[in-house]
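*Asks:* As a plain string of letters, each chain reads:
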Amino acid sequence: MATLEHDWFPQPLPENVSIGQRSWLYSTFAFRHFHSRQASGVRIGNDSGVYNGSFFDLGPQGEVEIGNFCTLVGAIICSNRRIVIHDYVFIAHEVTLADDAFGRPFAAVSVEPAGTDGRAAIHPAIEIGENAWIGARAILLAGARIGAGSVVGAAAVVDFAVPPNSVVAGNPARIVASGP
Amino acid sequence: MSDKVFDDIVGSWDYTTLPPNVRVGQGCWFERRGSFARLKSVQDPGLIIGDRVQVFTWTTFNIEPTGRVEIGDDSILVGPVFMCAGRINVGRRVILSYNVTIADSDFHPLDPQERRLDAMANAPFGDRSLRPHVISRPVVIGDDVHVGIGAIILKGVTIGHAARIGAGAVVSRDVPAGARVEGNPARPLPPQGP
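Residue numbers (my numbering), protein chains in the order written: chain A, 1 to 180; chain B, 1 to 194.
Note that these hints are calculated values from the structure, not bench results. One should not assume that every hint holds.
Unchecked claim - Computed cross-link-like contacts, SDA-like style, restricted to lysine to any residue with a CA-CA straight-line distance of at most 25 angstroms:
1) B:40 <-> B:19
2) B:4 <-> A:180
3) B:40 <-> B:117
4) B:4 <-> A:53
5) B:4 <-> A:29
6) B:4 <-> A:11
7) B:4 <-> A:148
8) B:4 <-> A:13
9) B:4 <-> A:131
10) B:40 <-> B:89
Stated by the list, open to error - Covered stretches of chain A, going by a simulated chain B footprint (3 or more residues, C-beta under 8 angstroms):
11) 87–99
12) 102–109
13) 134–145
From the three backbone atoms N, C-alpha and C, an ideal C-beta is built for every residue, glycine too.
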């Protein structure tokens, strides 16, 4: 079983987790509440950093793909669906990605979601486009599709599609600048 | 990592080692011992936790000597930070999601002159007995309320039964039973159909 060389938490990496070359994961503590049964539960690309305080609180159908050259300073990802983070994405402190506003670790969900067939959805519940920047304490909920090159302001709450090269901010969030 | 330190963060520590003014119901699960490290209440009880309450790693009970927090049966505390100088009451079957803050006081004076005195009294070697008086007003959260990720609930707020507090909402006024509020400042949304 694979382990992290620098790890302080006495747990191997879950078998359905893969970490690319020259990438960094702070600890297997990130999988304290990990229940994904997908073939690929978490896939981290090359040259990406997942730092202290990040958590993958995934349910059985949860699946997270992180691209290359991404930085997650300490995001909590709470999902029983598919989440895709493309290359060069920067996610600042205390950001949460969740299926709904009342996200909680799967151990605290008493009922299996209806209509589940054990496979994750093809379409991601949340998608963060290449080179997007997610500000501190922002909250992304299902339906959030952040276009490539866009910026989500600090503490914004987003559950809708944001076009590429825009700036979205506030709670409720609104698009405050649009690029070319 | 030694077994004991490991136990302290995965819920397998001995809950009977909590201070005697903490009342714990049946079937509870407390992930991290450190959630209770800032419990300074001298009230008896200072913290009451009902049956089958789950407390996840991010939760912090920051209870001043004068404070008392009560949590109802079957509630799920994912990551609330309780800042309590007086009373915070949480009902049954309540969900408090990640990064929620509930404060029953501002903890510091609004008046700038008094705040300077407060700063001096709070210095590392300051005299805490010189801290200016600050008010606290109870926070009451009804049964079946769900509080969204990152929401902040401020002093004196009463949230009625089954209300929904949106992610990131800042709540400084009462929320009626069954209402949905969102935003900063929190505002009501039109009622949702079935």
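*Asks:* Against the 25 angstroms threshold, does the CA-CA distance of residue 40 (chain B) and residue 19 (chain B) hold or violate the hint?
*Replies:* Since the Cα atoms of residue 40 (chain B) and residue 19 (chain B) sit roughly 10 angstroms apart, the hinted pair holds (cutoff 25 angstroms).
*Asks:* Report holds or violated for chain B covering the segment 102–109 of chain A, Cβ cut-off 8 angstroms, minimum 3 residues.
*Replies:* holds (count 6)
*Asks:* Starting from residue 4 (chain B), check that the Cα of residue 29 (chain A) is at most 25 angstroms away, please.
*Replies:* Holds. Residue 4 (chain B) to residue 29 (chain A) sits at ~16 angstroms (cutoff 25 angstroms).
*Asks:* Is the straight-line distance between the alpha-carbon of residue 4 (chain B) and that of residue 148 (chain A) 25 angstroms or less?
*Replies:* At roughly 46 angstroms apart (the allowed maximum being 25 angstroms), residue 148 (chain A) and residue 4 (chain B) break the hint.
*Asks:* Is it true that the CA of residue 40 (chain B) sits at most 25 angstroms from the CA of residue 89 (chain B)?
*Replies:* holds (17 angstroms)
*Asks:* Holds or violated: are the alpha carbons of residue 40 (chain B) and residue 117 (chain B) at most 25 angstroms from each other?
*Replies:* holds (23 angstroms)
*Asks:* Decide if the proposed pair is consistent with the structure: residue 4 (chain B) and residue 131 (chain A), CA atoms, cutoff 25 angstroms inclusive.
*Replies:* Violated. Residue 4 (chain B) to residue 131 (chain A) sits at ~42 angstroms, over the 25 angstroms cutoff.
*Asks:* Quick check: the segment 134–145 of chain A, covered by chain B? Criterion 3+ residues, Cβ under 8 angstroms.
*Replies:* holds (count 3)
*Asks:* Between residue 4 (chain B) and residue 13 (chain A), does the CA-CA distance stay at or below 25 angstroms?
*Replies:* holds (22 angstroms)
*Asks:* If you look at each residue in the segment 87–99 of chain A, do at least three have a Cβ nearer than 8 angstroms to any Cβ of chain B?
*Replies:* holds (count 3)
*Asks:* Given the proposed pairing of residue 4 (chain B) with residue 53 (chain A), does the C-alpha separation stay at or below 25 angstroms?
*Replies:* holds (21 angstroms)
*Asks:* For the pair supplied as a hint, residue 4 (chain B) and residue 180 (chain A), is the alpha-carbon distance within the 25 angstroms limit?
*Replies:* Answer violated: residue 4 (chain B) to residue 180 (chain A) is near 56 angstroms, above 25 angstroms.
Violated hints, listed in ascending order, are 2, 7, 9; each of the other numbered hints is respected by the structure.
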